[in-house]
Amino acid sequence: MAFPEMNASSDSLPSFFLFHKFTSAAFILCALFGWNRCNILIALQAVSDFLHQLGHVPYMYLAYTETLVTNRTCYFIQFVSFSACDFSTMIMLFLAVDRLLATKTPYFYAKMNSAFYVCAVVGVGLVYCAVFKVLAYETSTEDLTMCLVPEAVSPSIANVWFMSNGILNVGVTVIYGVLMFSIKNVREYEKLNKSLYAMIIVHIFGWILTMVVTLVATYVLKSDCKELYFIPKLLFLAQCIHRTGIEVFASVIHAKNV
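Per numbering that gives the first Met the number 0, the sequence shown starts with residue 0, numbered consecutively.
Misleading hints may appear alongside valid ones.
Distance windows between CB atoms, simulated [unchecked claim]: (1) Asn-35 - Glu-137: 22 to 30 Å; (2) Ala-62 - Asn-38: 33 to 41 Å; (3) Gly-170 - Asp-142: 29 to 37 Å; (4) Ala-109 - Thr-64: 49 to 57 Å; (5) Ile-156 - Val-46: 34 to 42 Å; (6) Ala-62 - Asn-35: 36 to 44 Å; (7) Val-56 - Ala-119: 31 to 39 Å; (8) Val-56 - Ser-155: 23 to 31 Å; (9) Leu-99 - Tyr-60: 52 to 60 Å.
Hints are computed from structural coordinates only; laboratory data are not their basis.
In this text, all values refer to a predicted model and were calculated from it rather than measured experimentally.
No residue lacks a Cβ here, since even glycine has one placed at the ideal position from N, Cα and C.
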């Protein structure tokens, strides 16, 4: 496609840029004010999940080049993905709370200040990330690792991190369960119910199963056998793949019922 040549002396140039100034401003306004608070949280969670999954790129590179790095180096390599993983977990919890508030207290929910609400949620998520980033850095070691995303956490606080994320994901499942039982009088209950069932399945067979089995592998299967060291890592990788597939399944179910 050929574009007309324009130069500084062209009479149409000021009008051309004036048009695009208004157009670009309209796009920005639509982006800022056209979304409700729930959509913003969903977008933040989606971006966080994307950044989290990018952490598997350096992991694959290190695996194929048969390179081991120290835990401290892995911390910096996976810093963004590790942070996004924590942030996404917290946003998922607030998304569940958001849907519960919108259903149980619609008047209060409608009156809430959206800017303050979103900023508060983001603030809590960032604080949660910062706490584990500081702990992970202060306890980082020179032990060699293949640098999967969770290996940015030092072994001394890995169990605390898994347990914390596990509790948050259990909370998400419980809230969606409460929401499911609270919408029985809604006209489109069947459609909403199927979507909520899909969300619960995602969390039970996704992160919750990952955290539970990892903790079991850590505490119950204690052994000098070096192979057991890789159990949590293999489970985490398998669950990342499984979670991606089941989220696609959940999205299909949701799309069919909208």
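Verification of the supplied hints:
| no. | hint | in the structure |
| --- | --- | --- |
| 1 | Asn-35 - Glu-137: 22 to 30 Å | 39 Å, violated |
| 2 | Ala-62 - Asn-38: 33 to 41 Å | 37 Å, holds |
| 3 | Gly-170 - Asp-142: 29 to 37 Å | 32 Å, holds |
| 4 | Ala-109 - Thr-64: 49 to 57 Å | 54 Å, holds |
| 5 | Ile-156 - Val-46: 34 to 42 Å | 26 Å, violated |
| 6 | Ala-62 - Asn-35: 36 to 44 Å | 42 Å, holds |
| 7 | Val-56 - Ala-119: 31 to 39 Å | 33 Å, holds |
| 8 | Val-56 - Ser-155: 23 to 31 Å | 27 Å, holds |
| 9 | Leu-99 - Tyr-60: 52 to 60 Å | 41 Å, violated |
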